[in-house]
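Asker: Make a model of the complete structure from these sequences and hints.
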Amino acid sequence: MTGEFDRKVHDTLVDAKLQLAVYTATARLKEKRIETVSSEALPDYQELRTQANAIKKHAIDNLDHYLEEFERNVVARGGKVVYCKDGSEVSDFVLGLARERAAHLIVKSKSMTTEEVDLNERLEHHGLESVETDLGEYILQLAHERPYHIVAPALHMTRYQVADLFERCLDVPQETVIEKQTALARTVLRQKFLAADIGISGANFLVADSGAVVIIENEGNARLTTTAPKIHIAVAGIEKVIPRAQDLATFLKLLARSATGQLLSVYTSFLAGPRRAGEIDGPDEFYVVLLDNGRTRLLPDKAKRQSLYCIRCGACLNTCPVYRKIGGHSFPWVYSGPIGAILTPQFMGVQHSPALPFASSLCGACGEVCPVKIDIPKILLELRSEVKKAETREKQNRLERLGFQGFAWLMTHPRIFEMVGRIGRSIGWPKSRRGPLGAWLSERELPPLPARSFREMWRRR
Amino acid sequence: MSRDHILHRVRTALGRNAGQGVADPPPARIRVPQVAMEARVASLIERVRALAGEALESADPRAFVANAIEGKTAVASNSAYLAERGISSLAGVRSGITDREELRAVCATADIGITSADYALADTGTLVMLSTPQEARMISLLPPAHIAIVPRERILTGLDELFSLIPNPANLSSSMVLITGPSRTADIEQILVRGVHGPGQITVVVA
Chain A
1 MTGEFDRKVH
11 DTLVDAKLQL
21 AVYTATARLK
31 EKRIETVSSE
41 ALPDYQELRT
51 QANAIKKHAI
61 DNLDHYLEEF
71 ERNVVARGGK
81 VVYCKDGSEV
91 SDFVLGLARE
101 RAAHLIVKSK
111 SMTTEEVDLN
121 ERLEHHGLES
131 VETDLGEYIL
141 QLAHERPYHI
151 VAPALHMTRY
161 QVADLFERCL
171 DVPQETVIEK
181 QTALARTVLR
191 QKFLAADIGI
201 SGANFLVADS
211 GAVVIIENEG
221 NARLTTTAPK
231 IHIAVAGIEK
241 VIPRAQDLAT
251 FLKLLARSAT
261 GQLLSVYTSF
271 LAGPRRAGEI
281 DGPDEFYVVL
291 LDNGRTRLLP
301 DKAKRQSLYC
311 IRCGACLNTC
321 PVYRKIGGHS
331 FPWVYSGPIG
341 AILTPQFMGV
351 QHSPALPFAS
361 SLCGACGEVC
371 PVKIDIPKIL
381 LELRSEVKKA
391 ETREKQNRLE
401 RLGFQGFAWL
411 MTHPRIFEMV
421 GRIGRSIGWP
431 KSRRGPLGAW
441 LSERELPPLP
451 ARSFREMWRR
461 R
Chain B
462 MSRDHILHRV
472 RTALGRNAGQ
482 GVADPPPARI
492 RVPQVAMEAR
502 VASLIERVRA
512 LAGEALESAD
522 PRAFVANAIE
532 GKTAVASNSA
542 YLAERGISSL
552 AGVRSGITDR
562 EELRAVCATA
572 DIGITSADYA
582 LADTGTLVML
592 STPQEARMIS
602 LLPPAHIAIV
612 PRERILTGLD
622 ELFSLIPNPA
632 NLSSSMVLIT
642 GPSRTADIEQ
652 ILVRGVHGPG
662 QITVVVA
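Taken in order, these protein sequences are the chains called A and B.
Residue numbers are given in our numbering: position 259 of the first sequence equals residue 259, and the series is strictly consecutive.
Take any residue in the second sequence, count from 1 to its spot, add 461: that is its number in our numbering.
It is possible that part of the hints are untrue.
To spell it out: a stretch of chain B is covered by chain A in this simulated footprint if at least three of its residues, at any positions, have a beta carbon under 8 Å from a beta carbon of chain A; those stretches are [to be verified]:
(1) 480-492
(2) 496-503
(3) 562-574
(4) 587-597
(5) 607-615
(6) 655-667
Only some residues are given here: those of chain B computed to face chain A with a beta carbon under 7 Å [to be verified]:
(7) ARG477
(8) GLU545
(9) ARG546
(10) ASN629
(11) PRO630
(12) SER636
Label-pair distances were calculated between CB atoms; the ranges are [to be verified]:
(13) ALA511(B) to GLU167(A): 34 to 44 Å
(14) ARG510(B) to HIS352(A): 47 to 57 Å
(15) ARG99(A) to ALA511(B): 41 to 51 Å
(16) LEU626(B) to ARG28(A): 33 to 43 Å
FYI, nobody ran anything at the bench for these hints, they're computed from the structure.
By construction, the Cβ of each residue, glycine as well, lies at the ideal position given by its N, Cα and C atoms.
Answerer: Rendered as structure tokens:
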């Protein structure tokens, strides 16, 4: 895994166009966030973060209680809750239902949770057509790629790549005007919406006291997904539950601001069960799939449990100096950036991705922007220590220990330190790129050596 | 069935027992500011315009709508308020549809969808729409343009006031949708494009 990770990081670093695309997109999202959470724009921003953290903590600490309350209320509104421990249980459920209802065409709105379990591939493997309808996700489905970013999935692609993709997959002439590309997708997908048998959405929140799923989006594809077909299935991680609808007053103020710098996203849908007597439209059947897929593994540790507070806004990606250089596809799983660096090792086990907790400068920016105050840097440190404990390469550890002992000795002997510095400056940086030092230097440029040390300059002042 | 398995795993991890109660959650944070109606109207209009929507006050919404739909096809919801203001009965407006398939077919081809709204939120420029026999979901969704006529007394200060008035929307409807501006995307090169799946034009008329 480490070799693979290094290779992908390297590929991203040498791709100048990609570097520019990631840098500008994250910079824009970052600036827009800052504008909308500034003390003039949102004076009670810090109190809202504190409140959001307290609500999430309470909900996760009592998760079984709120899941059962949520389930009772969904059933009371005529819906059904299906618990699934992994991706194969999710696809078994959807396939079974599709078979019973003679359904063939599924429209999907954006959901990171379904990305976790490769739901589209599983369904298509069994002969169903499952179409992503968020513009970015649709492009990625055609390109057979994973999301590059939690909220801006196709952030790495240019209009020219999209033009080639549409030409190849949709059999249309080259079109590089973004407005026209969007209109083309609208036309193709509108037909899918109107013909679909089942709509599958994600969920941003599950509201226990209402039995409702809350879905937040800008395009309208999630509204169409949950309105046009006769069956709506929402797929959500079990950690998404919050106690009350009133808590949305807190979370909605934070989510869109943190994600895209909007005061509210264009559409917030609060959906509780199938359409009721007299309501003209809406689905006849309403299902909520509650997915574990490794989440319960994060619960026993009281400190690391907070990783499950995440509301998937992506703010930590946009602000992270590491994500902004190495991009989303360097990360081994669907979640990238700082949140991916703490979720992936915990979902999969630290042995799966031992390099991730180290892919951070520990600058702390991720923790600072997190709207639900997850202490990401602290969890990174804990995971680092877990990786080190699990690491069997005893030899390397001994070498490292020896190195640090030597360093400590040098730092406590100033005269020898100065002497070594003088010798070092006269020799210059090592030219060889071999050995462990070479690997470290291969992605870094060292600053030019000064003629004199600070101590020397101080003495001569 | 994984239900019991998952709930058991959750309880074991948290050190809880089946059926164990919980302490009260932290009180919900609801702060409703005092804002005069004039200021609410002004803020709503400003916010909708900032999102590239159209917004205005009109003493005669019927005349405004009649003008806006000229030469176009329009479908209106079954809102009693629209009927009262003489909008549903305008020439060229389809209204009174109660069958889902018929409504879907009409909305799929109409140029403009006309609705009322249960509330509007002044500080974000948002329409609040509950799905009811009077208001279907598709009218504000399928046509490329959406016009909403909102009585001014329905303008709330913001989300906090909404959730203090409706602490549990599920008691009223299977669907509450908040609409803040026209449908948009920035998925290709972060370039903003309006009207990707929902209406690209939105007009809020404060009556």
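Asker: It remains to establish, for every hint, whether it holds in the given structure.
Answerer: Each hint tested on the structure:
no.: 1; hint: 480-492; result: holds (count 10)
no.: 2; hint: 496-503; result: violated (count 0)
no.: 3; hint: 562-574; result: holds (count 3)
no.: 4; hint: 587-597; result: holds (count 5)
no.: 5; hint: 607-615; result: violated (count 0)
no.: 6; hint: 655-667; result: holds (count 5)
no.: 7; hint: ARG477; result: holds (6 Å)
no.: 8; hint: GLU545; result: violated (20 Å)
no.: 9; hint: ARG546; result: violated (21 Å)
no.: 10; hint: ASN629; result: holds (5 Å)
no.: 11; hint: PRO630; result: holds (5 Å)
no.: 12; hint: SER636; result: holds (5 Å)
no.: 13; hint: ALA511(B) to GLU167(A): 34 to 44 Å; result: holds (37 Å)
no.: 14; hint: ARG510(B) to HIS352(A): 47 to 57 Å; result: holds (50 Å)
no.: 15; hint: ARG99(A) to ALA511(B): 41 to 51 Å; result: holds (49 Å)
no.: 16; hint: LEU626(B) to ARG28(A): 33 to 43 Å; result: holds (36 Å)
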